[in-house]
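Trainee: Start from the sequences, fold in the hints, and give me the full structure.
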Amino acid sequence: MTGAGLRLLPAGDTALTVEFGDAVDPRINARVLSLDRALEAAAIPGVIETVPTYRSLQIHFDPDRLDAAALGPAVVRLAATLDDEPPPGRTWTVPVSYGGEHGIDLEQVAERTGLAAEGVIARHLAGDYRVYMIGFQPGFAYLGGLDARLHLPRRETPRLKTPAGTVSIGGIQAAVASIEAPSGWHLLGRTPVRAFDPARSEPFLFRVGDRVRFERVTADGYTQLARRVADEGWRPRFEDP
Amino acid sequence: MTPPALRCIDPGPLATIQDRGRFGWQRFGVSVAGAMDPVGLAVANLLVGNPWDAAAIEVTLQGGVWEADADAVRIAAAGAGFAPTVDGRPVEPHRAHTLRHGQRLALGPTADSARGYLAVAGGFDLAPVLGSLSTHLRSRLGGIDGGPLRAGQALPLRLAEAPEGQDLALDPSLLPAPPARIRVVPGPQDDAFTDEGIETLLSATYTVTSETDRMGCRLSGPTIAHARGYNIISDGIAPGSIQVPGAGLPIVLFADRQTTGGYPKIATVASADLGFLARCRPGSTVRFERTDLAGAAGLRQALAGQLRRLAGSLAPARAMASLDSARLLAHNLVDGVTDALAEP
Numbered sequence: 054m055t056g057a058g059l060r061l062l063p064a065g066d067t068a069l070t071v072e073f074g075d076a077v078d079p080r081i082n083a084r085v086l087s088l089d090r091a092l093e094a095a096a097i098p099g100v101i102e103t104v105p106t107y108r109s110l111q112i113h114f115d116p117d118r119l120d121a122a123a124l125g126p127a128v129v130r131l132a133a134t135l136d137d138e139p140p141p142g143r144t145w146t147v148p149v150s151y152g153g154e155h156g157i158d159l160e161q162v163a164e165r166t167g168l169a170a171e172g173v174i175a176r177h178l179a180g181d182y183r184v185y186m187i188g189f190q191p192g193f194a195y196l197g198g199l200d201a202r203l204h205l206p207r208r209e210t211p212r213l214k215t216p217a218g219t220v221s222i223g224g225i226q227a228a229v230a231s232i233e234a235p236s237g238w239h240l241l242g243r244t245p246v247r248a249f250d251p252a253r254s255e256p257f258l259f260r261v262g263d264r265v266r267f268e269r270v271t272a273d274g275y276t277q278l279a280r281r282v283a284d285e286g287w288r289p290r291f292e293d294p
Numbered sequence: 586m587t588p589p590a591l592r593c594i595d596p597g598p599l600a601t602i603q604d605r606g607r608f609g610w611q612r613f614g615v616s617v618a619g620a621m622d623p624v625g626l627a628v629a630n631l632l633v634g635n636p637w638d639a640a641a642i643e644v645t646l647q648g649g650v651w652e653a654d655a656d657a658v659r660i661a662a663a664g665a666g667f668a669p670t671v672d673g674r675p676v677e678p679h680r681a682h683t684l685r686h687g688q689r690l691a692l693g694p695t696a697d698s699a700r701g702y703l704a705v706a707g708g709f710d711l712a713p714v715l716g717s718l719s720t721h722l723r724s725r726l727g728g729i730d731g732g733p734l735r736a737g738q739a740l741p742l743r744l745a746e747a748p749e750g751q752d753l754a755l756d757p758s759l760l761p762a763p764p765a766r767i768r769v770v771p772g773p774q775d776d777a778f779t780d781e782g783i784e785t786l787l788s789a790t791y792t793v794t795s796e797t798d799r800m801g802c803r804l805s806g807p808t809i810a811h812a813r814g815y816n817i818i819s820d821g822i823a824p825g826s827i828q829v830p831g832a833g834l835p836i837v838l839f840a841d842r843q844t845t846g847g848y849p850k851i852a853t854v855a856s857a858d859l860g861f862l863a864r865c866r867p868g869s870t871v872r873f874e875r876t877d878l879a880g881a882a883g884l885r886q887a888l889a890g891q892l893r894r895l896a897g898s899l900a901p902a903r904a905m906a907s908l909d910s911a912r913l914l915a916h917n918l919v920d921g922v923t924d925a926l927a928e929p
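Sequences listed follow chains A and B, in order.
Here this note's numbering is used: the first residue of the first sequence is 54, the next is one more, and so on.
Here this note's numbering is used: the first residue of the second sequence is 586, the next is one more, and so on.
No lab work stands behind these hints: they were computed from the structure.
Predicted, not measured: the structure shown is a model, and the values here were computed from it.
A virtual CB, placed ideally from N, CA and C, is assigned to each residue, including glycine.
Watch out, some of these pointers could steer you wrong.
To be verified - Pair ranges (Cβ atoms, derived):
{"id": "1", "chain 1": "B", "residue 1": "A810", "chain 2": "A", "residue 2": "R208", "range": "27 to 37 Å"}
{"id": "2", "chain 1": "A", "residue 1": "P294", "chain 2": "B", "residue 2": "A736", "range": "22 to 32 Å"}
{"id": "3", "chain 1": "A", "residue 1": "E138", "chain 2": "B", "residue 2": "T794", "range": "27 to 37 Å"}
{"id": "4", "chain 1": "A", "residue 1": "G99", "chain 2": "B", "residue 2": "L834", "range": "33 to 43 Å"}
{"id": "5", "chain 1": "B", "residue 1": "D756", "chain 2": "A", "residue 2": "R90", "range": "42 to 52 Å"}
{"id": "6", "chain 1": "A", "residue 1": "R90", "chain 2": "B", "residue 2": "T790", "range": "19 to 29 Å"}
{"id": "7", "chain 1": "B", "residue 1": "R735", "chain 2": "A", "residue 2": "R288", "range": "30 to 40 Å"}
{"id": "8", "chain 1": "B", "residue 1": "T790", "chain 2": "A", "residue 2": "E268", "range": "55 to 65 Å"}
{"id": "9", "chain 1": "A", "residue 1": "R266", "chain 2": "B", "residue 2": "A736", "range": "22 to 32 Å"}
Mentor: Below is the structure:
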């Protein structure tokens, strides 16, 4: 099924995938987010939740309350008025301690990219990142906008354990990890920021469409902020659009 | 006095707390989790008078041993062939049992189903995480500290006493039976496979491997041919999605699946059939059959009808000859008296 560059792909009798293209592209992602907002506003009974990803929106629904055959046409109607400007989103400033024990792959990334370690850090800091998708683990933010000089294939052997707060790069993407997890990406640094804390009134820091800028702190600065996170629930600053 | 609890004496290979799942947070990367076999969860809960989706203990391959740490705990197991015993004596399956303080319910190993459910009247007194008690092991959410249940652990109960009334039983002949073939709806990425690849999925016999877990059912059998590579831009994953990584062997994604993934998904198991697939033990064989959205909706309605008829069969459990007759007699007399008194 197609229409205005849109494909409706059935994902069984409890989900529908609405696909807008086949590329990692800010305009395609903007249409995904625009449909997401339109669906939220439409509040169709039986829609349980939606999952925006790079180029598609997955709609999970209760088939006992919503006829799968009726959802498609409703989506097509909503999609007729989407805009492809990226939504403004909040802009977070995320502190990172680079290299050393916090970023054990920094030297190797420097070697493989032909940059000095400081050059890798400078290019990583210069990026204007957008949260394209949250997945893999609770609150794990996939960031688009990584400097092309830092694009590297994943590690041949993934690490079984990487700490919460790991700031890493993999392929064309960057990420902030939320909890301890295995990873095949390259670890450049670590942030004391907790992207996921189930006990917090807002458990998740980042939303799809938010922007992220990194700010360098020393290893000591990291330790101080980590203490404030633990003691007083410190969160990084953000600007509303 | 210690708070009422069900004590885990032996959890078996894997026991976790599960309800229907954690919905509304997939956009933040939180997996749904929840009971692998919703019919099993519903049956166990029906028998003890709980809502069908109340949190219960999901056991795997073997049912473990559980002890009442309260005056009276009404408990029921669901899951084919888990041969229950109370204090070592065989008791009738497909019914609730009220355990007195210190009594132990054991569920033997079974050759029939990979998963079973143990529900307690009134449910467990645990705090939901993001709206659900379901345990997601990988992200350590829900249940008790996000982990599997361990020997010695006390699971706090909402009720110190079993509710009034007799233990109920259901008519086992009305239990929904597994389909001969698991029905699948093609998509969302069936166009990423050759026609032969799709034909392979629909005609071959696959075997459930021992690498199967709550995240996915890994199958061995003929490989499925991709039309062009096996990487897609990561997108959302529905329950029952059949993803096919580079090696060409399908993986059916279960309750603990990641919310997003980058392998193409050839088809999706009909929601009514997914729980039956989750019952398949390693080594058992599976065949698939194509259906469409209308077909999947029909299967779902038929299953709901079967569950309604099953609920309609609930009745006070009959006495069973294999139980100690004197104790049984005393038990029935006491029950009879309390029932008579409870009559309006």
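Trainee: Next step is simple, just say for each hint if it's right about the structure.
Mentor: Status of the hints after comparison with the structure:
1. B:A810 x A:R208: 27 to 37 Å: 29 Å, holds
2. A:P294 x B:A736: 22 to 32 Å: With Cβ atoms ~53 Å apart, the hint is violated.
3. A:E138 x B:T794: 27 to 37 Å: 47 Å, violated
4. A:G99 x B:L834: 33 to 43 Å: 35 Å, holds
5. B:D756 x A:R90: 42 to 52 Å: The hinted range 42 to 52 Å holds for B:D756 and A:R90, with Cβ atoms some 50 Å apart.
6. A:R90 x B:T790: 19 to 29 Å: 46 Å, violated
7. B:R735 x A:R288: 30 to 40 Å: 34 Å, holds
8. B:T790 x A:E268: 55 to 65 Å: The hint (55 to 65 Å, Cβ to Cβ) holds, given that B:T790 and A:E268 are roughly 57 Å apart.
9. A:R266 x B:A736: 22 to 32 Å: 49 Å, violated
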